[in-house]
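Trainee: Go by the hints and put chain B onto chain A.
The lines below spell out each chain.
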Amino acid sequence: MTDTAATPKIRMRGLKKAFGHKVVLDGLDLDVGEGESVVVIGGSGTGKSVMLKCILGLLKPDAGTIAVDGTNVLDLGTKDRDAVNSHIGMLFQGAALFDSLPVWENVAFGLLAEHRVNRAEARDIAITKLAQVGLSADVADLQPAELSGGMQKRVGLARAIAADPDIIFFDEPTTGLDPIMADVINDLIIKTTREVGATALSITHDMASARKIADRIAMLYQGRIIWAGPVSEIDSADNPFVDQFIHGRADGPIKMAVRA
Amino acid sequence: MINPLQPIGRVFLAFLRTAGRLTLFTGSAATHCLRPPIYTRMILRQMVDIGYFSLPVVGLTAIFAGMVLALQSYTGFSRFGAEGAVANVVVLSITRELGPVLAGLMVAGRIGASLAAEIGTMRVTEQIDALTTLSTNPMKYLVAPRLIAGLVTFPLLVLVADVIGVFGGYLVAVYKLGFNPANYLTATYDFLTAEDVNSGLVKAAVFGVIVTLMGCYHGYHSRGGAQGVGTATTNAVVSASILILCFDYILTELFFAA
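Chains as they are written, first to last, in this note's numbering: chain A, 9 to 268; chain B, 63 to 320.
So that you can see chain A by itself, here it is in the shape it has in the complex (with noise of 0.2 Å):
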């Protein structure tokens, strides 16, 4: 049991994915502590997607190690890899809700696939984890397309704490959210992973977003974590990189690739 207490929720050794002669990842290393949140900063396509769909297993990195509870995912058969799925939540970019099917199914969809209920069970559990975000039983009804921005990335939010995970991983939580939006959606992401008690693994580049719902923030820089700690130590990081970003200069040691 001592040892458990030490291995950390997700470990990422060496992680290696390129596209083609693009390097995406190139050796990243990353641990996620059992009930921490943790954020993963950096630009745009640097990877931070990539390495949440390794995980996920929608991608297969080129070289490396995954860990999920010490075990690693990325010798699993598709059963067991399905099991430790099943106790993942994602809330995507764009929420990707199904919209094809009303609210209240999109959200009890993996309780449903996972026969863990039935049709009438599942809507009261949508209803209840609809509530949760803070949103009415009236929603359940509508059709995704029928939904703002926002609601939509709430249904998001609660279609991924509906089957109870213990790891959820956010992909830019609030990106294209007004302000106030999107530090209620932080607000929510807080207090739904406090209350299922679930390991939490972010990706943002919104600054205020990340020092808001972190524990812990790591820089991504060129396929590498090039700083993590403490959200409180990350003014004082002393890190050209780290400090450039945060403070969102155009010059400083990151250049962008600009070309016409």
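Mixed in with the good hints there might be a few duds.
[Stated by the list, open to error] DMTMM-like mimics (lysine to aspartate or glutamate), calculated; alpha carbons at most 25 Å apart, straight line: (1) K30(A) x E188(B); (2) K24(A) x E188(B); (3) K87(A) x E188(B); (4) K263(A) x D243(A); (5) K199(A) x E42(A).
Hint data in this document are derived by calculation from the structure and do not stem from the laboratory.
Mentor: Relative to chain A, chain B alone:
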């Protein structure tokens, strides 16, 4: 200087890559059709979409095909005094060829395009990734039900097309060309063998798989937003139409040559 062999090689390699990917996709889709869980709700829903809602298109295509066939064969055969063969030509052409091929092409346009657009949009909006995170295999949930629905509903559609096509021929023959209704129907019935209809239905089943497979394959592999979905839709319809005509020849050769 550009090596003239380079583009040829590149096209050939791209072709091999696509062929390989399509083979793997087909194999994976086929195994998912057979292994549980089977999403019955999804299959029924697709059957309604692919089968029932295609009936107007298929029916209209078939009736005009049958009518024009009667008219054309009459003008041709009357030169040899062989007007009696009109019923024969209509029923054989419809059941063996025009029923399955025309219905297949029309439904390729209708269903191939909509499947590619729907699944392609799901791909670019990450809905397919979302399925995986919700313990659902997208091949099983999205692709397998559509293939099964195509396999089952296409023969039924073609059966309807056969009946309506023959009826179209009958209308023209009797009301325009002055055939005796009873004689026309007897001639139709006498010439028809079970093999004519069956071969058409087998073709239809194959075309059903081709259309749904092309729609799903191109949608599933679409990339890069609206433009990618547009390309996928075009490719689905074009490749399905060409494959239908290609397999039509192969199957006809298998059934009737020798």
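Trainee: Could you run down the list of hints and mark each one as holding or not?
Mentor: Taking the hints in turn, this is what the structure says about them:
1. K30(A) x E188(B): Given pair K30(A), E188(B) holds - Cα atoms ~22 Å apart, limit 25 Å.
2. K24(A) x E188(B): holds (22 Å)
3. K87(A) x E188(B): Roughly 22 Å separates the two Cα atoms, so the pair holds.
4. K263(A) x D243(A): holds (21 Å)
5. K199(A) x E42(A): holds (17 Å)
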